[in-house]
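> So the chains spell out like this:
There are 2 protein chains.
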Amino acid sequence: MKLTTQLAIAYPILQGPMLGVTTPAMVAAVANAGGLGSLPVGGLSPEKTHELILATKSKTDKPFAVNLFAHETSVSTSQADIDTMLNLLEAIYEDYGIPFSRPALTEFNFYSYQDQIEVLLHEQIPIVSFTFGLLEPAVVDQLKQQGSTLIGTATCVREAILLEESGVDIVVAQGVEAGGHRGTFLTDGPLPQVGSLSLLPQIVDAVSLPVIAAGGLFDARTVKAAFVLGAEGVQLGSFFLASDESAASEAYKTAVLSASDTSTALTRAFSGRWARGITNRFMEQVEQATLTIPYYTYQNSLTAGLRAYAQQNNIPELISLWAGQSASNSRRGKASDLLRSLIEQLDFDQEPV
Amino acid sequence: MKLTTQLAIAYPILQGPMLGVTTPAMVAAVANAGGLGSLPVGGLSPEKTHELILATKSKTDKPFAVNLFAHETSVSTSQADIDTMLNLLEAIYEDYGIPFSRPALTEFNFYSYQDQIEVLLHEQIPIVSFTFGLLEPAVVDQLKQQGSTLIGTATCVREAILLEESGVDIVVAQGVEAGGHRGTFLTDGPLPQVGSLSLLPQIVDAVSLPVIAAGGLFDARTVKAAFVLGAEGVQLGSFFLASDESAASEAYKTAVLSASDTSTALTRAFSGRWARGITNRFMEQVEQATLTIPYYTYQNSLTAGLRAYAQQNNIPELISLWAGQSASNSRRGKASDLLRSLIEQLDFDQEPV
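So the protein lines, in turn, are chains R and L. 305 is the number of the first residue of the first sequence in this note's numbering; add one for each residue after it. 305 is the number of the first residue of the second sequence in this note's numbering; add one for each residue after it.
For the record, the hints were derived by calculation from the structure and aren't laboratory data. Certain hints may be false.
Listed next, the stretches of chain R that the computed footprint assigns to chain L, with coverage defined by at least 3 CB atoms under 8 Å from CB atoms of chain L [claimed, not checked]:
| no. | region |
| --- | --- |
| 1 | 471–483 |
| 2 | 489–496 |
| 3 | 500–508 |
| 4 | 519–527 |
| 5 | 629–639 |
C-beta atoms are modelled at their ideal positions from N, C-alpha and C, and glycine is treated no differently.
Next comes chain R alone, as it looks inside the complex (with noise of 0.2 Å):
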């Protein structure tokens, strides 16, 4: 079966999922123009995570994927880890004199896609994408049993095996070039930095599903050569980054517009997962001080407060400011604009359904 027919779509285009960036209404657009928009709820309570699909559904009748965050919840991290990056958090608030408070070990709250499935089940989401592990077979069976279709995400072959041997239906392959999280679930070596061109490849050759390329893809050029290299679909963030219906700041677009092939690094400072983003103060300051950083999800809670304010004032020296290695290429304009000038420029030999 054709991707396009086993998601519903009429251009087998996603637009990757990006948690704090991806709003209903770029989801929508995308949905709207033929592509598959994907609405990240990773970390958030069932009541956003609802809120969420249904901002969406009020946009689009088209199908949308929810993607999940699958990650083990059960990593711990020693208090003393976590006071130390607090004090080097302080000391960066007070550099920009912002008001400081300490957050209480209770207020890690991070919601577990154990906690969203219900939602996802009475929202009847169609397409359940995921990243940072594999859903458990209970839940696996809960939403194939329901009709949805499972995409999972690997960044080397052997999670991609794994995957298929969980039950997914379809395989994101996220290359090195990819901006914001890594979606490693593999811990026993080396974070995998795998380039797409290298990647795509093999894992197309190790699993006989269908698989969809993330990571450096910005333009027509690098979506064929996707296909060339045997993927089945394409996956592009940074490509909406810019666009009117993502929730970026100002700050936080006009980094990405200026940067660079070599702007951006993988960095654990924000989240204490790797991800890529544009660097700045804010990660080399963390780096610099080679503290323990707390694991996931302890530092992405240690340092949202300072994350969210830096939005909100634009202070791009303080912002997450994901995005990948092609993320310069990004434009400004209607997420569905955007998408509809790559459409035209490639040689689909479907009509818009």
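Position chain L against the provided structure of chain R, taking the given hints into account.
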């Protein structure tokens, strides 16, 4: 002008120069099959350079490239750092029961490309490729006056632009997937680690020269993708690593063929310069020691004896197992057969000259 016309070859496929692996026989086999062989001579004496060129010429009358190291040779390192590293190396020698002799600093001979230019001019080398820097203007003039075509190596857009400004004819865009040494020469920021899918089109857009893709290429799909991304030629290194004409030891070939997409990492452990190789015990030991690694070429000279011993005695844990992220897809066989098989799967409109 087409790249094949410019280089007087039948197919726009280059064999990547792999010092210590590439032999005159490999270069000649590729040349005779219609590709462009590249003879690596970086750091070698003028006499050795001459000997290798003559050996290659004795096996082919087709053009081939000679590849130089164009790095700054003025970099110095402290005797204390060298002594500390030598202590670590002595311990590693002891671990493996290998007789250790402490090299004197005067033994750190490494010829600069300026020492080799006379030989290249004398032998009328038609294509001179280089990495690790820019050739000085006088050398560019000398080589161009003789009619040599110059190929420089870029790992980011800024390097490509500098190469174009320096007067080279062709740029190799080396993606992060590539095995062996990074060609990086801009040192005012972190090491560029841009994936081919992102780097290649961005370099194509930034310069008006023909661009050759390198990094991650291993089959017809990846080569076709590189052309779609705007490359006019492709350079494959690891593809020839396990060939009959490769000087890689059996232990090295076995390690490559049994690798995976995540087996390699970037390291400075062997040479002092960043290079991609299969992770092994030596890399881990040097990195875990967290010493100051003497800069290239000092570290390269310090580890030369150990690497040579390991190659001769098939000790994969001590060999610099340079390999790219797609290297496990390499095949054994004659280099000419490997290349011909690849060419047959591509749709070139040109017949062998």
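> Each hint should be assessed against the structure and marked as holding or not.
Hint check results:
1. 471–483: Per the Cβ count (3), the hint holds.
2. 489–496: holds (count 3)
3. 500–508: holds (count 6)
4. 519–527: Contact hint for the region 519–527 of chain R vs chain L: holds, 7 residues under 8 Å.
5. 629–639: As far as the region 629–639 of chain R goes, the hint holds, because 3 residues have Cβ atoms under 8 Å from chain L.
Checked against the numbered hints listed earlier, the structure breaks none of them; every hint is satisfied.
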